[in-house]
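Assemble the whole structure, with the sequences as input and the hints as a guide.
There are 2 protein chains.
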Amino acid sequence: MTPMTAIPSSDILDRFTAIVGEKNAVRDLAEMAPRLVENRGLYRGASPLLLKPGSVEEVAAILKLASETGTPIVPQTGNTGLVGGQTPRADGTDIILSLERMNRIRDIDPVANIIVADAGCILDDIHKAASSVERMFPLSLGSQGSCRIGGNLATNAGGTAVLAYGNMRQLCLGLEVVLPTGEIWNGLRRLKKDNTGYDLRDLFIGSEGTLGVITGAVLKLFPKPLGHQVAFAGLASTEDALKLFEMASNLCGTALTGFELMPRIGVEFTARHIPGVRDPLGQPHDWYALIDISTSDSAETADTMMQSLLERGFEAGLVEDAVIASSEAQRQALWHMRESMSDAQKPEGGSIKHDVSVPVSKIPEFMTTAEKAVLAAIPGARICAFGHLGDGNIHYNISQPVGADKAEFLGRWRDMNEIVHGIVLSLGGSISAEHGIGQLKRDELAAIRPGIEMELMHRIKHAFDPAGIMNPGKVLVG
Amino acid sequence: MTPMTAIPSSDILDRFTAIVGEKNAVRDLAEMAPRLVENRGLYRGASPLLLKPGSVEEVAAILKLASETGTPIVPQTGNTGLVGGQTPRADGTDIILSLERMNRIRDIDPVANIIVADAGCILDDIHKAASSVERMFPLSLGSQGSCRIGGNLATNAGGTAVLAYGNMRQLCLGLEVVLPTGEIWNGLRRLKKDNTGYDLRDLFIGSEGTLGVITGAVLKLFPKPLGHQVAFAGLASTEDALKLFEMASNLCGTALTGFELMPRIGVEFTARHIPGVRDPLGQPHDWYALIDISTSDSAETADTMMQSLLERGFEAGLVEDAVIASSEAQRQALWHMRESMSDAQKPEGGSIKHDVSVPVSKIPEFMTTAEKAVLAAIPGARICAFGHLGDGNIHYNISQPVGADKAEFLGRWRDMNEIVHGIVLSLGGSISAEHGIGQLKRDELAAIRPGIEMELMHRIKHAFDPAGIMNPGKVLVG
Numbered sequence: 001m002t003p004m005t006a007i008p009s010s011d012i013l014d015r016f017t018a019i020v021g022e023k024n025a026v027r028d029l030a031e032m033a034p035r036l037v038e039n040r041g042l043y044r045g046a047s048p049l050l051l052k053p054g055s056v057e058e059v060a061a062i063l064k065l066a067s068e069t070g071t072p073i074v075p076q077t078g079n080t081g082l083v084g085g086q087t088p089r090a091d092g093t094d095i096i097l098s099l100e101r102m103n104r105i106r107d108i109d110p111v112a113n114i115i116v117a118d119a120g121c122i123l124d125d126i127h128k129a130a131s132s133v134e135r136m137f138p139l140s141l142g143s144q145g146s147c148r149i150g151g152n153l154a155t156n157a158g159g160t161a162v163l164a165y166g167n168m169r170q171l172c173l174g175l176e177v178v179l180p181t182g183e184i185w186n187g188l189r190r191l192k193k194d195n196t197g198y199d200l201r202d203l204f205i206g207s208e209g210t211l212g213v214i215t216g217a218v219l220k221l222f223p224k225p226l227g228h229q230v231a232f233a234g235l236a237s238t239e240d241a242l243k244l245f246e247m248a249s250n251l252c253g254t255a256l257t258g259f260e261l262m263p264r265i266g267v268e269f270t271a272r273h274i275p276g277v278r279d280p281l282g283q284p285h286d287w288y289a290l291i292d293i294s295t296s297d298s299a300e301t302a303d304t305m306m307q308s309l310l311e312r313g314f315e316a317g318l319v320e321d322a323v324i325a326s327s328e329a330q331r332q333a334l335w336h337m338r339e340s341m342s343d344a345q346k347p348e349g350g351s352i353k354h355d356v357s358v359p360v361s362k363i364p365e366f367m368t369t370a371e372k373a374v375l376a377a378i379p380g381a382r383i384c385a386f387g388h389l390g391d392g393n394i395h396y397n398i399s400q401p402v403g404a405d406k407a408e409f410l411g412r413w414r415d416m417n418e419i420v421h422g423i424v425l426s427l428g429g430s431i432s433a434e435h436g437i438g439q440l441k442r443d444e445l446a447a448i449r450p451g452i453e454m455e456l457m458h459r460i461k462h463a464f465d466p467a468g469i470m471n472p473g474k475v476l477v478g
Numbered sequence: 001m002t003p004m005t006a007i008p009s010s011d012i013l014d015r016f017t018a019i020v021g022e023k024n025a026v027r028d029l030a031e032m033a034p035r036l037v038e039n040r041g042l043y044r045g046a047s048p049l050l051l052k053p054g055s056v057e058e059v060a061a062i063l064k065l066a067s068e069t070g071t072p073i074v075p076q077t078g079n080t081g082l083v084g085g086q087t088p089r090a091d092g093t094d095i096i097l098s099l100e101r102m103n104r105i106r107d108i109d110p111v112a113n114i115i116v117a118d119a120g121c122i123l124d125d126i127h128k129a130a131s132s133v134e135r136m137f138p139l140s141l142g143s144q145g146s147c148r149i150g151g152n153l154a155t156n157a158g159g160t161a162v163l164a165y166g167n168m169r170q171l172c173l174g175l176e177v178v179l180p181t182g183e184i185w186n187g188l189r190r191l192k193k194d195n196t197g198y199d200l201r202d203l204f205i206g207s208e209g210t211l212g213v214i215t216g217a218v219l220k221l222f223p224k225p226l227g228h229q230v231a232f233a234g235l236a237s238t239e240d241a242l243k244l245f246e247m248a249s250n251l252c253g254t255a256l257t258g259f260e261l262m263p264r265i266g267v268e269f270t271a272r273h274i275p276g277v278r279d280p281l282g283q284p285h286d287w288y289a290l291i292d293i294s295t296s297d298s299a300e301t302a303d304t305m306m307q308s309l310l311e312r313g314f315e316a317g318l319v320e321d322a323v324i325a326s327s328e329a330q331r332q333a334l335w336h337m338r339e340s341m342s343d344a345q346k347p348e349g350g351s352i353k354h355d356v357s358v359p360v361s362k363i364p365e366f367m368t369t370a371e372k373a374v375l376a377a378i379p380g381a382r383i384c385a386f387g388h389l390g391d392g393n394i395h396y397n398i399s400q401p402v403g404a405d406k407a408e409f410l411g412r413w414r415d416m417n418e419i420v421h422g423i424v425l426s427l428g429g430s431i432s433a434e435h436g437i438g439q440l441k442r443d444e445l446a447a448i449r450p451g452i453e454m455e456l457m458h459r460i461k462h463a464f465d466p467a468g469i470m471n472p473g474k475v476l477v478g
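Chain order of the listed sequences is A and B.
Those letters in the first sequence? Residues 1 to 478, by full-length UniProt numbering.
Those letters in the second sequence? Residues 1 to 478, by full-length UniProt numbering.
Honestly, the hints are just simulated from the structure, not real lab data.
From a predicted model like this one, the values you see are computed outputs, not experimental measurements.
Among these hints, one or two may not hold up.
The list treats identical chains as one, so a pair stands whether inside a single copy or across any two.
As the list claims (entries may be wrong) - Lysine-lysine pairs mimicking DSSO-like chemistry, simulated, CA-CA at most 27 Å apart: (1) Lys372 / Lys243; (2) Lys406 / Lys220; (3) Lys52 / Lys224; (4) Lys243 / Lys220; (5) Lys406 / Lys224; (6) Lys128 / Lys52; (7) Lys353 / Lys52; (8) Lys224 / Lys243; (9) Lys346 / Lys243; (10) Lys128 / Lys220; (11) Lys128 / Lys224; (12) Lys23 / Lys64; (13) Lys372 / Lys346; (14) Lys243 / Lys128; (15) Lys372 / Lys406; (16) Lys353 / Lys64; (17) Lys353 / Lys372; (18) Lys52 / Lys372; (19) Lys346 / Lys406; (20) Lys406 / Lys353; (21) Lys64 / Lys406.
Next up, the structure:
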């Protein structure tokens, strides 16, 4: 199961090159450089060869040769992953298989509400294709201009629309996958219901390229909502935010399409560093909720629902102040603030990040406990914890104290992980809510999960990839 | 991987008995008899022993002993499955493991919208528990008074609420499973988002007891809708039904909680045989739609939405006639007609049944093509094809011609399967939309699916159940 660790011979590299042709095989280091580094610079790898196959048959030929020669393969699409899952290892043994040339929309059917796409399609292009037939594809991420469907599926991507529409797992009906042995599994089904044997689709989704290469998918489309309204509310505490979320869930049901929590410091960071962003409320508040409502029947329903929610929130003493967007531009501006929250931390120095989830009802307890523990460990640390309250998913980011040494602060990354993840686990939470495991959390996963669970994953890995060539060193150890 | 085929020795039976105690181990044939037969009499099995463990530890001890001694185990909960998955094989080698004593609700949390239940809980008891805290659990089946959660999960049960809430897979957050080797996997997570490794949960859901025994689950609850309205509409064709469904989807979004299609003959059968059922419309129509709308904000919204939908349907010439229920009793009466459609066929003689799905947009083509082929093969056959149009899922049932010989008609079961399933597959459909594979469709599955897909399922089976003791002969051959 352990693949070779030697760099593939030039003979082997030539055989891989022959599959895709010289012009789709990159050996030049400068050209390859952007593919060797993870987005935030956390991981840098090396690779002797980058392959850009143009068809599922070429992908199959690559994997067949890889299995035969024991050559490790790293699949890569938009290279926007945040856990190093798409980055080759540093020893230079991994060949990169990029799906970027496979970016065709194979079919779109607005009656059946389905789009069939190559794995290399950029998420934004799927949005545009859906919009052109008066439909929408709900997956919405900060990186949607460059991330690609294959990576979205391999990592079971989340984002801001999960509350109403679910993760990528819930948005996918069928898959086409090339197995590590080079066989093609055509599971491109378009069915809402299909109980015929083991759920292979959901096994590939979220497996981060370690069980096979996803080359195509059938995705669900939805009618465009007729009504859309966004509000921004100032709140006194995370307890009040949770109560307001419950109120919104009960009132709006599935029309509640977003409920994002932000701290005061996050609003300050964005107002300070992101052009065009300003605090829309007159006075500061400790916490903020961005509330998004979409309705299918009419534009008025969304307005009425939002008005009604905020009125009830005021009456119950949960909302201190609030604004409702009065134009599409204002709606976009409010979302822009939320989506810039991560970027706005960069000018403030080092930031130690976590992508965690807890049961929704435990968010206040998590926030209080974690803040106390983090400040005890690093007095003056600035906690910018924001995220998808409705999903129980918080991006628990910690900015360095003002004036602290950045490198020294970032040296505490593991300490902070231990503190924050310890609290998350004590509350029954997850150390990776939506970003996945990759390299970043691989060893930690093995440490916190029961032995039998890791053992089952290893058995599945071995059953699908006996030669151990698929993205080795990611998700699972060894 | 092949388990023993000899009947377990009395020594081995005694060791199993010792685990649960004499009073929870049944060897008496009369007492065991109802557990040996499938609901519709399609399968009759034999078993030397029925075990009723009272805890997950006892289940673990049973499976450990089974793996050690190579004794086949059939898990059983409500025994309402329709494909023979829960029925022991006829050779008398399989021990039945019933979860009926494990029927405790472990926790219920209306703030987090979660219920944690033993696998032996009856579905109706979950409904009642949810209702007692002003929540609802959406899974809704004809057999809900006797089916149990473990079986619902093992078969990824569907039912009438799938359109808005999804199958059992979408309603489950976490599982507790005893593996064939006797190890306990505690995956009882309560998280909406958790991207930490392979999706074991979805692998167990729908695996029909062949990979392990589900002993507990974390299920999602939902706010009770404030508004609920049901209408019954007479239509000219399945094409019009599809157009009306599209109109309803666009207008109501996720407030559309049911869209059931019924043929004239089905309405006649229920009016003739089911006490209290009558055709609510003055004139006969070729097809009918039962439309169900639930709204979260107010009762009026559901009424307004339904009125608006039917008005638009009339204007577009899709609806010939319609009634809207004017009381809860009338709403229940309309659903009762739909839910009795299967029972109403029994007094009409033999019925050959199919549980198929096609892409929703292909329902009219499927209906027309199948009707022509079935009537060519059996002139006078009465096609009572009804079901979940919004899911693309039709229960394509064929009642015998009036006056035909029942046994002779039922002898055509395989012929009819071949005809109907052939058309389903040519349209990219599924031969088992919601009932599963069990024994009934095991050989057919192996025949229609690509070799690599069956091979992957066998590898997973072997990885999880090396001794081959878990519900052998179900889903997979050998």
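How the hints compare with the structure:
no.: 1; hint: Lys372 / Lys243; result: within (22 Å within a copy, 58 Å between copies)
no.: 2; hint: Lys406 / Lys220; result: neither (44 Å within a copy, 43 Å between copies)
no.: 3; hint: Lys52 / Lys224; result: neither (35 Å within a copy, 51 Å between copies)
no.: 4; hint: Lys243 / Lys220; result: between (32 Å within a copy, 19 Å between copies)
no.: 5; hint: Lys406 / Lys224; result: neither (45 Å within a copy, 51 Å between copies)
no.: 6; hint: Lys128 / Lys52; result: within (24 Å within a copy, 56 Å between copies)
no.: 7; hint: Lys353 / Lys52; result: neither (32 Å within a copy, 49 Å between copies)
no.: 8; hint: Lys224 / Lys243; result: between (29 Å within a copy, 17 Å between copies)
no.: 9; hint: Lys346 / Lys243; result: neither (32 Å within a copy, 52 Å between copies)
no.: 10; hint: Lys128 / Lys220; result: within (14 Å within a copy, 33 Å between copies)
no.: 11; hint: Lys128 / Lys224; result: within (12 Å within a copy, 36 Å between copies)
no.: 12; hint: Lys23 / Lys64; result: within (21 Å within a copy, 57 Å between copies)
no.: 13; hint: Lys372 / Lys346; result: within (24 Å within a copy, 67 Å between copies)
no.: 14; hint: Lys243 / Lys128; result: between (36 Å within a copy, 25 Å between copies)
no.: 15; hint: Lys372 / Lys406; result: within (22 Å within a copy, 75 Å between copies)
no.: 16; hint: Lys353 / Lys64; result: neither (38 Å within a copy, 43 Å between copies)
no.: 17; hint: Lys353 / Lys372; result: within (17 Å within a copy, 62 Å between copies)
no.: 18; hint: Lys52 / Lys372; result: neither (49 Å within a copy, 49 Å between copies)
no.: 19; hint: Lys346 / Lys406; result: within (11 Å within a copy, 77 Å between copies)
no.: 20; hint: Lys406 / Lys353; result: within (14 Å within a copy, 69 Å between copies)
no.: 21; hint: Lys64 / Lys406; result: neither (46 Å within a copy, 54 Å between copies)
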